[in-house]
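K.L.:
Model the full structure from these sequences, guided by the hints.
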Amino acid sequence: MRRHIKRLSGAEHARIARAISDAEEKTSGEIYCVLARTSDPYLYPACLIVALAILILGPFLALALRHWWISIDPVVFAAAQLAAFAAAAALVVAFEGLRVALVPKALKYRRAHDKAQNQFFAHNIHVTEGRTGVLIFVSLAERYVEIVADHEIDACVEQSVWNEGVALMLDHARRGTLADGFVEAVTYAGEVLSRHFPAGRRNSNEIEDRLTEI
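Anchor point for the sequence shown: position 193 equals 193 in the UniProt record's numbering, and the numbering is continuous, going up by one each time.
No wet-lab data here; the hints were simulated from the structure.
Where hints are given, some of them may not hold.
Stated by the list, open to error - Quick list of in silico lysine to aspartate or glutamate cross-link-like pairs, DMTMM-like style, CA-CA up to 20 Å: (1) 6 x 150; (2) 6 x 129; (3) 26 x 213; (4) 26 x 191; (5) 6 x 180; (6) 6 x 213; (7) 26 x 184; (8) 26 x 206; (9) 26 x 208; (10) 26 x 129; (11) 26 x 209; (12) 26 x 171; (13) 26 x 150; (14) 105 x 171.
P.N.:
And the structure:
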């Protein structure tokens, strides 16, 4: 998945909004999309990893120097470790890509999942009349896609079904065609929802048809 994709254009936003509107004509469900550049700054985890690496590697370096008959004063050694951490921390603060690269995948996915849940509630997708809201969430830095569905949908639709929509979105994200991916994922979600929650006579639009970039 390409991390450094420019913000989607107005035309692309309009395409996605139109796809949501078309999908919701066939279902009482509601679909919302969120595109995040990153789900967390990862400043503290990355700095912690750098500090641990310096603390662990430092003694090994000292032993290697002793092998070559080079003795280091403890005060000098401690000062060197502090200087190394300061330099590494400055790089971590300056470069988001470095922070993301240093953090374990499990932590990145957990933070992205938490962000998806947060966005689900932040946009009131959980307060639709029939509890039939769906969020399509993409976080670029973590290369993460999740489809979050409300309780009534979870009771009818297995996660494996949503995983197919996730795969569609991931494929487009890897190629850098995010707008096409959102359109396909929205269309897929609409088809799934229409099978279990078809549109009724009063098919009100409870959530704005749009994609939000954060």
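K.L.:
With reference to the structure, classify each hint as holding or not holding.
P.N.:
Hints and how they fare:
1. This hinted pair does not check out: residue 6 and residue 150 have alpha carbons roughly 30 Å apart, beyond 20 Å.
2. For the given pair, residue 6 sits about 36 Å from residue 129 by alpha-carbon distance, which is inconsistent with the 20 Å threshold.
3. Between residue 26 and residue 213 the alpha-carbon distance is near 26 Å, which puts this suggested pair outside the 20 Å criterion.
4. At most 20 Å may separate the alpha-carbon atoms for a hinted pair to count; residue 26 and residue 191 meet this at roughly 8 Å.
5. With a CA separation close to 15 Å, the supplied pair residue 6 and residue 180 stays within the 20 Å bound.
6. At roughly 11 Å between alpha-carbon atoms, residue 6 and residue 213 fall within 20 Å of each other, so this suggested pair holds.
7. Simply put, residue 26 and residue 184 have alpha-carbon atoms about 16 Å apart, close enough for the 20 Å limit, and the pair holds.
8. Of the pairs offered as hints, the one joining residue 26 and residue 206 holds, with about 15 Å between alpha carbons and a cut-off of 20 Å not exceeded.
9. Of the supplied pair hints, the one linking residue 26 and residue 208 holds, its CA atoms being roughly 16 Å apart against a limit of 20 Å.
10. Proposed proximity of residue 26 and residue 129 is supported: the alpha carbons are some 17 Å apart, at most 20 Å.
11. Distance restraint check for residue 26 and residue 209: the Cα-Cα separation of roughly 14 Å lies within the 20 Å cut-off, and the hinted pair is therefore satisfied.
12. The hinted pair formed by residue 26 and residue 171 fails the criterion: a straight-line CA distance of about 26 Å is larger than 20 Å.
13. Straight-line distance between C-alpha atoms of residue 26 and residue 150 comes to about 18 Å, which keeps the hinted pair within the 20 Å bound.
14. Restraint check for residue 105 and residue 171: satisfied, since their Cα atoms lie roughly 19 Å apart, inside the 20 Å limit.
Checked against the numbered hints given earlier, the structure breaks hints 1, 2, 3 and 12 and satisfies all the rest.
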